[in-house]
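Undergrad: Read top to bottom, the protein sequences are chains A and B. Quick note: the first sequence uses the numbering used here, first residue 41, plus one each step. Quick note: the second sequence uses the numbering used here, first residue 41, plus one each step.
What the hints contain is simulated information worked out from the structure, not anything from laboratory work. Remember, predicted model here, so these are calculated numbers, not experimental data. There's no promise every hint is true.
Straight line, CA to CA, 25 angstroms or less: simulated DMTMM-like cross-link-like pairs of lysine to aspartate or glutamate [what the hints assert, rightly or not]:
1) A:K59 <-> B:D85
2) B:K59 <-> A:D85
3) A:K107 <-> B:E115
4) B:K92 <-> A:D122
5) A:K59 <-> B:E115
6) B:K107 <-> B:E60
7) A:K92 <-> B:D98
8) A:K92 <-> B:E88
9) B:K107 <-> A:E115
10) A:K107 <-> B:D72
11) B:K92 <-> B:E60
12) B:K92 <-> A:D98
13) A:K59 <-> B:E88
14) B:K92 <-> A:E77
15) B:K92 <-> A:D110
16) B:K92 <-> A:E115
There are 2 protein chains.
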Amino acid sequence: MGWFNYFKQSKPTSAKVAKERLQIVIAHERLDRNGPEYLPQLRRDIMEVIRKYVPISDEQVNVQFEKGADFDVLELNIALPDRDH
Amino acid sequence: MGWFNYFKQSKPTSAKVAKERLQIVIAHERLDRNGPEYLPQLRRDIMEVIRKYVPISDEQVNVQFEKGADFDVLELNIALPDRDH
């Protein structure tokens with residue numbers, strides 16, 4: 041399933057449940073399985089960066105991590121809090 | 041084109057040109073086109089975070105930014121420097 045299709049499928053259909061979302065996908069293509077792993081620490085750092093802009097709790101973040109043969113993929117799905125207009 | 045296909049297509053075929061790569065895709069699904077834009081500043085912050093782990097110059101980073109109707113997508117493709125084994 042393509043990246044853009046993912047967004048289209050999960051688009052909210054009701055204004056009442058509509059949320060702004062931030063999705064971050066980090067893929068590390070590795071040549072050496074024994075080389076350094078960046079993603080676990082990167083995940084924490086990036087969460088901190090995002091908190092500079094929007095207050096988010098751990099419960100608002102869905103994390104998926106996949107270890108492939110040649111690369112690792114980390115995916116963060118974040119439901120942004122409602123803003124006052 | 042799917043996320044994983046992208047990686048398979050661009051996989052290096054020669055060990056001599058093989059590079060470790062880091063790809064970061066950030067998508068911000070927005071409900072309000074007049075709401076805050078995070079991505080330009082997030083890009084700078086995330087680059088700084090990555091530099092904590094690997095020394096990368098601006099030339100090693102390919103940046104693509106797409107503004108859609110409902111969401112913005114920022115894509116960073118980073119060729120990681122060779123490591124000493």
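Undergrad: Please go over all the hints and tell whether each is borne out by the structure.
TA: We went through each hint and held it up to the structure:
no.	hint	result
1	A:K59 <-> B:D85	holds, 24 angstroms
2	B:K59 <-> A:D85	holds, 24 angstroms
3	A:K107 <-> B:E115	holds, 21 angstroms
4	B:K92 <-> A:D122	violated, 32 angstroms
5	A:K59 <-> B:E115	holds, 22 angstroms
6	B:K107 <-> B:E60	violated, 28 angstroms
7	A:K92 <-> B:D98	holds, 23 angstroms
8	A:K92 <-> B:E88	holds, 14 angstroms
9	B:K107 <-> A:E115	holds, 21 angstroms
10	A:K107 <-> B:D72	violated, 35 angstroms
11	B:K92 <-> B:E60	holds, 17 angstroms
12	B:K92 <-> A:D98	holds, 23 angstroms
13	A:K59 <-> B:E88	violated, 28 angstroms
14	B:K92 <-> A:E77	holds, 13 angstroms
15	B:K92 <-> A:D110	holds, 23 angstroms
16	B:K92 <-> A:E115	holds, 20 angstroms
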